[in-house]
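Visitor: Protein chains in written order, with this note's numbering: chain X, 397 to 676; chain Z, 101 to 289.
Quick caveat, the hints were computed from the structure, so don't treat them as lab data. One should not assume that every hint holds.
Stretch by stretch, here's where chain Z covers chain X in the computed footprint (C-beta under 8 Å, at least three residues) [claimed, not checked]:
id	region
1	524–535
2	565–575
3	604–615
4	638–647
For each residue, glycine too, the CB sits at the ideal point set by N, CA and C.
Spelled out, the chains give:
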Amino acid sequence: MKELEFQDIVQQVEKALQELNIISPQLLREKMLEALATEDNDLAREMLSQVMENYIVAEERNLPLCQDTGMVMAKVEKGEEVKVKGGSLRQALDEAIRRAYSNNYFRKSVISDPFFGKNTGDNTPGVYFFELQEGDSLRIDLLVKGGGCDNISSLGILEPGSEPEEVERFILQELDKKGGQACPPLVVGVGIGGNAPYALYLASRALSRPLGEFNPDPRYRELEEKWREDINRLGIGPQGVGGRVTCLEVRIETYPCHIASFPVGLVCNCHVFRQKTLKW
Amino acid sequence: MEERKEVILKTPLSVEEIRFLKAGDKVYLNGFIYVARDLTHHRLMEDLEKGKELPFSLSGSVIYYAGPTPTRRGEIIGSVGPTTSSRMDKYLEYFLQRGLRATIGKGERKKEVKKLLEKYGALYLLACGGAGAYLSTFVVEKEILAYEDLGAQALLRLKVEQFPLLVAYDMQGGDIFEEGKIKYRNITV
Chain X
397 MKELEFQDIV QQVEKALQEL NIISPQLLRE KMLEALATED NDLAREMLSQ VMENYIVAEE
457 RNLPLCQDTG MVMAKVEKGE EVKVKGGSLR QALDEAIRRA YSNNYFRKSV ISDPFFGKNT
517 GDNTPGVYFF ELQEGDSLRI DLLVKGGGCD NISSLGILEP GSEPEEVERF ILQELDKKGG
577 QACPPLVVGV GIGGNAPYAL YLASRALSRP LGEFNPDPRY RELEEKWRED INRLGIGPQG
637 VGGRVTCLEV RIETYPCHIA SFPVGLVCNC HVFRQKTLKW
Chain Z
101 MEERKEVILK TPLSVEEIRF LKAGDKVYLN GFIYVARDLT HHRLMEDLEK GKELPFSLSG
161 SVIYYAGPTP TRRGEIIGSV GPTTSSRMDK YLEYFLQRGL RATIGKGERK KEVKKLLEKY
221 GALYLLACGG AGAYLSTFVV EKEILAYEDL GAQALLRLKV EQFPLLVAYD MQGGDIFEEG
281 KIKYRNITV
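Bound-form chain Z, shown alone:
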């Protein structure tokens, strides 16, 4: 089997620096990432359609599908693990067209997603679900950028250091879930 790579990346990402990554490779992510889930995406699209400028640049950006717990006084952030990515599939192409370079979440996504990632040159990264307390320790800064009225679905900018991720879907159609299942399955259904 091909050796798994471990890479350190810093946002914003360029297509060139992520093109060689394969499903199963480990990524330590640094820099700014943007937290957005269901309603956040809806609002972002509404604003873009109205011609408003977003409070961050989508070019080379990374979106983290998550909705953290409230922050305790004196802390940076609460628990912040990934939510199920497939709910955001319907928004993906719109943001890829505008420069989004990677998304972070958990779970398999719809078939079309892999084609979109190939077409636009982007990655789908997997964070460990149900490890929100642990993942919060890699966040060094948090700022609410917009939609504070949405509570846990507000748009956040996080600064992360060595945020631990796995490449789930790469740009060549590689798929961590499918490859893993094929290797370990020994039953027919």
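Just chain X, with the same shape it has in the complex:
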């Protein structure tokens, strides 16, 4: 049995949340620079330039990259031989969010109940997905994204035996309708299989991985690349003003599925990709 200290988890998650809301990762900056070089539309270039200015201002002035500092999502992979001393993992995550959001002037955007709730005042709770595994390691993938891009999430119930082209068509149609509202260029998560709710979870889980971590199966890797190129042919462009870069990455996750079902979950992340992975 491996024992982890409650406070150690709290402190590391708090620090990660503080950083990811203010400092954008190097790889994202490089992708945005590449996008700028690709775009010939003045309007798209204008938007991308402001996005890059934003990285600098946020870091220099210690300001959140985006005013929507989100509802924190954490995907937790916990080994069965891991024990947290002094509290539960859920409590640790809540406490880390409470501290990070209260101490850093981040926006508190969580209400305690959809109908009857009030703002919780400290951005707790987050949305947590716990996955039990064998072994003695703990991995937490933190993802912070705003409401705007979550609002274009979509579930497709396709025909059993659907081909990749049909899944792609569903994704292109959905993004064509709503992509411009979600602050493109987007990171696009696609979950295929499981059951309907699980497909959406897979899509969301795909987004919680670091940038540049693609599907290890070369067949899916190829689809990720093809779908990214085709999404970019939609012409939506940065902030929807028209252009060649609508999508930075596509991530596909799959799961076995029922012979009578073919659920496809689509969940997107705006260009302010705020993610960190912690491992114990």
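Using the hints, position chain Z against chain X.
Guide: Frame of chain X; chain Z shown alone:
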């Protein structure tokens, strides 16, 4: 292609000075603008319906759809980028009828919006989403005018200098999103 215009505007706006602007033109906005999003609009309407006077004049006004982060001590404002405008579409006509001249936000809006802008003579302006830290540098003054209990949705008055915007919908039905997509699309869906 027609050359894009760049103009400097100061609030309050008159129909005459914005009528010639086209989707895609760049606007540097100066003067006072009012920050209001979902619940703020709801409250403003409630107050107007009760016959109360608002703490600002709607005539020639500009509303910014946003909800900033809390302000650090010694700073003017936190991060303050635009939120998705389409959520406020249902409130738009009510405020246009009372003199609202432009709204600032991000993303495409419902079809009816363009007709309303033509009818009342108003613009929809696009601010860069996800650039809230950068956009905060154009704010030189902030005052909470009402509904402080709403937190990030309180009604704010901001004084802005050279706030960078693009005309998203003009008064003639021009639409930055549609025009951009048509030009750059090379796939059928």
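Visitor: Check whether three or more residues of the region 638–647 of chain X sit with their beta carbon closer than 8 Å to a beta carbon of chain Z.
Guide: Holds, because 3 residues of the region 638–647 of chain X bring their Cβ atoms closer than 8 Å to Cβ atoms of chain Z.
Visitor: Within the assertion that chain Z covers the region 524–535 of chain X, do at least three residues meet a Cβ-to-Cβ distance smaller than 8 Å?
Guide: violated (count 0)
Visitor: Using a Cβ cutoff of 8 Å, are there at least 3 residues of the region 565–575 of chain X near chain Z, or does the coverage claim fail?
Guide: Check passed, 4 qualifying residues.
Visitor: Using a Cβ cutoff of 8 Å, are there at least 3 residues of the region 604–615 of chain X near chain Z, or does the coverage claim fail?
Guide: violated (count 0)
Checked against the numbered hints above, the structure breaks hints 1 and 3 and satisfies the rest.
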